[in-house]
Structure formats: structure tokens, C-alpha cells
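Just so you know, the sequences run in chain order P and Y.
According to the numbering used here, the first sequence is numbered sequentially starting from 29.
According to the numbering used here, the second sequence is numbered sequentially starting from 221.
Honestly, the hints are just simulated from the structure, not real lab data.
Please read these numbers as outputs of a predicted model, since none were measured by experiment.
Careful, some of the hints might be misleading.
Think about it this way: if two alpha-carbon atoms lie no more than 20 Å apart in a straight line, the pair counts; the simulated EDC-like pairs of lysine to aspartate or glutamate are [what the hints assert, rightly or not]: (1) K140/P to E386/Y; (2) K152/P to E457/Y; (3) K105/P to E386/Y; (4) K173/P to D499/Y; (5) K262/Y to E151/P; (6) K139/P to E461/Y; (7) K148/P to E386/Y; (8) K466/Y to D208/P; (9) K466/Y to E151/P; (10) K173/P to D222/Y; (11) K173/P to E461/Y; (12) K149/P to E386/Y; (13) K148/P to E167/P; (14) K262/Y to D61/P; (15) K140/P to E151/P; (16) K193/P to E457/Y; (17) K466/Y to D168/P.
Under 8 Å between C-beta atoms, here's a sample of chain P residues computed to sit facing chain Y [what the hints assert, rightly or not]: (18) N58; (19) L101; (20) V122.
Glycine is no exception: its CB is placed at the ideal position from the N, C-alpha and C atoms.
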Amino acid sequence: MLEIKNVWKTFNKGTVNEKQALCGVNLTLNDGDFCTVIGGNGAGKSTTLNAIAGVWPVDCGQILIDGKDISALPEHKRAPYLGRVFQDPMTGTVADMEIIENLAIAARRGKKRGLSWGVKKEEKARYREMLAEFDLGLEDRMSSKVGLLSGGQRQAITLLMATIKKPKLLLLDEHTAALDPKTAAKVLELSDKIIAENNLTALMVTHNMHDAIVHGNRLIMMSDGKIILDISGEEKKNLTVEHLLEMFEKASGSKLENDRMLLSKDK
Amino acid sequence: MDFLAEYFGSLNPLSFLSALPGNIAQGIIWGLMGLGVFLTFKLLNFADLSVDGSFATGGAVTAVMLINGCPVWATIIVAILAGLAAGLVTGLLHTLLGIPDILAGILTQIALYSINLNIMGKSNLPISYRNYTLVVSASNINMAILVGLGICAIVIAAMYWYFGTEQGSTIRATGSNPAMSKAQGININFTKVIALALSNGLVALSGSLFAQYQGFADINMGRGAIVIGLAAVIIGEVLGEAIFRKHMNFIIRMLFVIVGGILYYIAMGIVLWLKMPTDDTKLFTAIIVAIFLAVPYLQKKRKTSFKKVAKMNAKNAQKEG
Numbered sequence: 029m030l031e032i033k034n035v036w037k038t039f040n041k042g043t044v045n046e047k048q049a050l051c052g053v054n055l056t057l058n059d060g061d062f063c064t065v066i067g068g069n070g071a072g073k074s075t076t077l078n079a080i081a082g083v084w085p086v087d088c089g090q091i092l093i094d095g096k097d098i099s100a101l102p103e104h105k106r107a108p109y110l111g112r113v114f115q116d117p118m119t120g121t122v123a124d125m126e127i128i129e130n131l132a133i134a135a136r137r138g139k140k141r142g143l144s145w146g147v148k149k150e151e152k153a154r155y156r157e158m159l160a161e162f163d164l165g166l167e168d169r170m171s172s173k174v175g176l177l178s179g180g181q182r183q184a185i186t187l188l189m190a191t192i193k194k195p196k197l198l199l200l201d202e203h204t205a206a207l208d209p210k211t212a213a214k215v216l217e218l219s220d221k222i223i224a225e226n227n228l229t230a231l232m233v234t235h236n237m238h239d240a241i242v243h244g245n246r247l248i249m250m251s252d253g254k255i256i257l258d259i260s261g262e263e264k265k266n267l268t269v270e271h272l273l274e275m276f277e278k279a280s281g282s283k284l285e286n287d288r289m290l291l292s293k294d295k
Numbered sequence: 221m222d223f224l225a226e227y228f229g230s231l232n233p234l235s236f237l238s239a240l241p242g243n244i245a246q247g248i249i250w251g252l253m254g255l256g257v258f259l260t261f262k263l264l265n266f267a268d269l270s271v272d273g274s275f276a277t278g279g280a281v282t283a284v285m286l287i288n289g290c291p292v293w294a295t296i297i298v299a300i301l302a303g304l305a306a307g308l309v310t311g312l313l314h315t316l317l318g319i320p321d322i323l324a325g326i327l328t329q330i331a332l333y334s335i336n337l338n339i340m341g342k343s344n345l346p347i348s349y350r351n352y353t354l355v356v357s358a359s360n361i362n363m364a365i366l367v368g369l370g371i372c373a374i375v376i377a378a379m380y381w382y383f384g385t386e387q388g389s390t391i392r393a394t395g396s397n398p399a400m401s402k403a404q405g406i407n408i409n410f411t412k413v414i415a416l417a418l419s420n421g422l423v424a425l426s427g428s429l430f431a432q433y434q435g436f437a438d439i440n441m442g443r444g445a446i447v448i449g450l451a452a453v454i455i456g457e458v459l460g461e462a463i464f465r466k467h468m469n470f471i472i473r474m475l476f477v478i479v480g481g482i483l484y485y486i487a488m489g490i491v492l493w494l495k496m497p498t499d500d501t502k503l504f505t506a507i508i509v510a511i512f513l514a515v516p517y518l519q520k521k522r523k524t525s526f527k528k529v530a531k532m533n534a535k536n537a538q539k540e541g
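Taking the hints into account, I'd like the entire structure generated from these sequences.
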């Protein structure tokens with residue numbers, strides 16, 4: 029499904045701000061893998077997702093989706109393969125446009141956009157049904173501007189937009205980090221449901237160790253631009269936070285000194 | 221005090237009224253230009269200054285072609301095409317060469333000054349209604365108003381349709397959220413170039429009509445056009461929001477750009493009627509636009525500000541004390 033082969037990326041090369049963000053990342057996801065990604069600040073989690081999405085070109089290495097090398101494609105040409113939800117709820121949707129217009133734009137991801145009407149009549153019923161499943165009352169506000177919605181509602185819309193046209197790979201970049209705990213739980217639950225129902229392959233970055241353990245069938249941990257742990261199958265099912273911390277110390281040779289992660293280890 | 225009485229005595233209300241239709245006609249033509257500015261400034265979120273050049277280009281193309289015996293409709297079409305090309309250049313400077321939006325516009329604008337001179341051959345070309353068949357002319361103001369409104373209706377209808385299509389939606393998305401647009405597979409460089417080209421095409425159409433209306437094309441006719449276009453957009457927006465509040469839809473927003481253009485020219489008519497020196501008209505333009513740009517900000521501030529908090533707290537303290 030997804031293959032990342034020896035990907036390197038350095039930011040601000042040759043300046044005092046030089047930062048080696050990815051140092052030879054290798055990762056293979058199988059069809060239907062739901063893989064959570066954890067690691068401290070600056071470990072390279074979001075950078076990995078951005079490398080896949082093509083926010084900038086990598087320095088070297090290959091990224092393949094279904095065997096097709098996408099590493100030379102610009103961001104908008106990779107979009108047909110990917111569904112993305114961002115950390116900032118403002119990023120994924122157009123505030124000035126209606127909910128239904130946002131969904132219609134997402135539904136045409138990867139298609140040629142011509143001069144036919146932007147939202148067709150038959151689409152409305154379909155979107156209404158999809159929104160009703162979310163149980164957020166959004167199905168009755170389809171012609172409201174997205175800017176009027178709360179962060180959680182916007183994130184739910186973004187999630188629907190990311191999956192409205194089945195992506196080969198769903199990228200969730202700390203998509204619940206900016207939400208309050210209750211809303212975060214709801215959005216996570218929605219993500220789980222959508223991934224399971226559509227049998228999606230997904231990568232989810234999170235700072236919450238508990239979430240990383242509970243969700244998905246696979247877990248990778250990053251540190252200093254490398255993947256240092258890759259846990260799946262039975263081992264993942266039986267994982268605990270304490271066990272994970274222990275494994276991190278063993279793999280990286282250092283104690284996990286990241287307040288945000290340690291603080292969020294308990295549910 | 222005598223001089224004041226003398227000054228007000230010299231103002232003739234009838235002369236203001238007689239100038240009114242002319243102001244309205246000019247306002248409509250500039251309102252079209254405002255729609256071009258609306259497209260880039262509001263929808264694409266791109267401050268495009270090339271319009272000062274492309275407005276004059278529209279006038280220059282029409283004048284030269286008329287003088288060379290072309291029918292007026294053909295001159296208008298070629299003027300629009302020339303404007304499209306000018307917008308294309310700004311778009312390519314910005315997207316291919318990474319030049320910031322305002323600078324890209326300024327570069328095109330300054331280049332167009334020379335190009336317009338080359339098109340015209342000299343700095344001023346008369347195209348009197350006596351010698352040519354024109355679409356609009358100051359010699360028949362009522363007709364000019366009607367024709368102007370007709371063209372506005374066509375342009376607004378076309379814009380309403382286009383920005384409702386799949387492609388038009390991508391331009392709106394690009395202006396509002398480029399990161400989302402890219403994630404949804406929209407080539408934002410493409411949408412920016414298209415929008416800039418369409419905007420400048422519209423501005424050139426307005427320039428062509430304005431040259432016909434005033435009976436000549438002039439190399440300086442576009443100077444400060446961006447400010448007048450902005451005036452139309454901002455005046456229209458402030459007024460439209462005051463009247464329609466939450467019911468402002470896309471069509472009303474565009475209609476109010478035309479209304480904004482007309483009001484701007486009526487305001488200028490008042491300024492001239494008050495016998496202010498004509499040398500200062502640009503100064504008045506700047507003042508009018510500054511006022512309308514400031515209104516939404518000041519309104520918001522009136523509702524909530526630090527000063528208000530201080531006042532309220534002082535009041536409460538007084539009550540308790």
C-alpha cells in the first residue's frame with residue numbers, strides 16, 4: 029500500500045537553523061493498516077505526514093502508493109490518493125463557503141473540474157445522509173458558512189471531506205489536539221468508525237499515548253527523525269503505557285523527557 | 221462671515237442635480253472596474269495593482285482600433301483580450317517567479333505604461349462620438365446609463381454562474397484557504413492565474429467603455445484606478461451589510477459594488493459642486509476610501525474595546541463606592 033524508502037529531509041540547510049527532520053525513514057503499510065504514530069516534539073511525526081502529502085519535496089528517498097512513485101509529484105497531484113485532516117481545525121475547510129460547497133469540492137478531489145454547476149442536486153441528498161450519521165445536527169445546516177461552526181464540527185466536516193472520496197491513504201495529523209477532551213473523543217470515535225466502515229489505510233499522529241494504544245492495529249514511535257519502534261498484531265493489543273515507555277527508553281537509549289507526552293499518558 | 225455667505229450663495233443646487241446623471245453613468249462604468257477588483261481583492265485575496273495599467277490598456281486598444289476603422293464591438297473584444305493578457309502576466313510573475321502579489325502587480329502596471337504608449341503612439345487619442353459609433357458616450361447620458369446597466373447585468377450574471385461552477389468554486393477556495401485547496405487537489409497557481417486574467421479582462425472592458433464615454437483615451441486614465449475600484453468595493457460592502465446584514469448573498473454583494481461605484485462618483489460630484497479645487501480630487505478620493513475602509517473596524521471597536529472595559533469598570537466602581 030504505502031512504502032516509504034529511506035526518506036531524508038533537512039530544513040534550512042546551511043543556516044544556523046539547520047534541522048535534520050527525517051533521517052532515513054523506512055515504513056511499509058499494508059492494505060487496511062491503521063497505524064498510530066507517537067514521539068516527542070520534533071521527532072518527525074508531522075514531517076513524515078507532510079513528506080507523504082508533498083507539502084515540500086524530500087531531499088532523497090522514495091514514497092510509493094500502490095507501487096506508484098509519488099515522490100516527484102506536487103502536493104495537488106498527490107491529493108487524489110490522500111485524505112488529510114490537520115491539527116488546526118481552520119486548515120481543512122474553507123470558512124467563507126457553505127458546508128455543502130466544502131463537501132462538493134472534496135468530492136471532486138482528483139477529478140477534472142469543469143464548468144458544470146459546483147453542487148449538483150443529487151449530491152445534496154447524499155451529503156445530508158452522511159452528515160446525519162455524524163449526529164451533530166449539521167445535516168440541517170448544510171448551507172451555513174463553515175466559519176460559523178465550532179472547531180470540533182469543522183474537524184468532523186474535514187474528516188468527512190477527507191474520506192468522501194475513498195482515499196488510498198488517510199493522514200490524520202494530531203487532528204484532535206486542538207479540541208476539548210469531550211469533542212476530541214467524539215472526533216476520534218468518528219475517525220475509528222469511518223476507517224473501519226470503509227476499510228481505509230490510515231496514519232494517525234497523536235500526542236496521547238493512550239489513544240495511540242487503543243486505536244489502530246499498529247503503532248510506530250519516532251525519535252530524532254527515525255522510526256525506533258514498530259509494534260503490531262498481538263503485541264499491540266496487549267500494550268500498556270508503562271510498557272511503551274520502557275520500550276522507548278530501551279530503543280532510544282534515553283528517558284522520555286517530553287512533558288506533553290508524559291502528561292497525556294493517562295486517559 | 222461674509223465670505224461664507226457669499227460661498228454658499230454661489231452654490232447652485234440645480235447645477236449639482238444637472239451633473240448627477242453624468243456622475244451616475246461614470247459610476248456605473250467604474251463599478252464594472254470595481255467588479256474586477258472585487259474578483260481579485262475579495263474572492264482571490266490578492267491585492268492586484270496591475271489594474272491601473274490594464275484599465276488604460278482597455279481604453280488605448282479601443283481608441284486605436286476605432287481610429288483604424290474597426291467596429292466598436294470588435295474593439296471591446298480585443299480590449300478585453302488585452303486585459304486578460306495583462307492579468308496573465310501578473311499571474312505568471314507571481315506563480316512562476318515567486319514575486320509577491322503587490323510587487324507583481326506593480327511590475328505589470330509599470331510595464332503597461334510603456335506598452336499603452338506604444339499602442340496609442342502618443343499620450344492622448346480623441347475618439348469623438350461625432351466621428352465614430354460608440355457604445356456609450358457623454359453626449360447621451362441617459363443612453364449611457366442604460367447601456368452601462370445592461371452590461372453590468374450581463375457581467376454579474378456571468379460571474380454568478382462562473383463562481384458557482386466547479387472551476388469557479390476552486391478560485392473561491394484558493395482565495396479563502398490555499399492549504400485546504402492544495403489538499404483537495406486544486407492547483408492554486410492555475411486558479412490564481414485564471415482569476416487575475418479574468419479580473420484584468422473586466423477592468424480593460426471598463427477602461428474601453430470609459431474611453432468611449434469621455435471621448436478620448438489617455439495614457440494617465442488609469443492612474444489611481446485601483447483606489448477607485450477599491451472605493452466601489454468597500455463602499456458597496458459597508459452599505460450592503462448595513463442594509464442586508466446576514467442576507468448578503470453573492471449577487472447582492474456584486475450589485476453593491478456597482479452601487480458603490482455610483483455613490484463614489486456622486487460623492488466626487490458633491491466635492492466638485494462645493495467648488496473644491498480639482499487638483500485635490502485624488503486627495504478627496506483617498507479620504508473617502510480611507511473613511512469607508514475604517515468604518516467596519518471602528519464599528520467593531522465601538523462594540524468591544526479596552527476603552528469600553530475601562531469605562532464600564534469605572535462606572536461600576538462608582539456605583540459601589
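Cross-check of the supplied hints:
1. K140/P to E386/Y: holds (9 Å)
2. K152/P to E457/Y: Between K152/P and E457/Y the Cα gap is close to 30 Å, so the pair fails against 20 Å, i.e. violated.
3. K105/P to E386/Y: The given pair, whose Cα atoms are some 17 Å apart, holds under the 20 Å limit.
4. K173/P to D499/Y: Roughly 45 Å separates the two Cα atoms, so the pair is violated.
5. K262/Y to E151/P: violated (28 Å)
6. K139/P to E461/Y: Judged against 20 Å, a Cα distance of about 36 Å means the pair is violated.
7. K148/P to E386/Y: holds (10 Å)
8. K466/Y to D208/P: Roughly 30 Å separates the two Cα atoms, so the pair is violated.
9. K466/Y to E151/P: violated (26 Å)
10. K173/P to D222/Y: Roughly 59 Å between the alpha carbons, so the hint for K173/P and D222/Y is violated.
11. K173/P to E461/Y: holds (16 Å)
12. K149/P to E386/Y: Answer holds: K149/P to E386/Y is near 14 Å, not above 20 Å.
13. K148/P to E167/P: Holds, because 16 Å separates the two Cα atoms, which is no more than 20 Å.
14. K262/Y to D61/P: Answer violated: K262/Y to D61/P is near 43 Å, above 20 Å.
15. K140/P to E151/P: holds (17 Å)
16. K193/P to E457/Y: Between K193/P and E457/Y the Cα gap is close to 37 Å, so the pair fails against 20 Å, i.e. violated.
17. K466/Y to D168/P: Within the cut-off at roughly 18 Å; holds.
18. N58: violated (24 Å)
19. L101: This interface hint is violated because 11 Å lies over the 8 Å limit.
20. V122: holds (5 Å)
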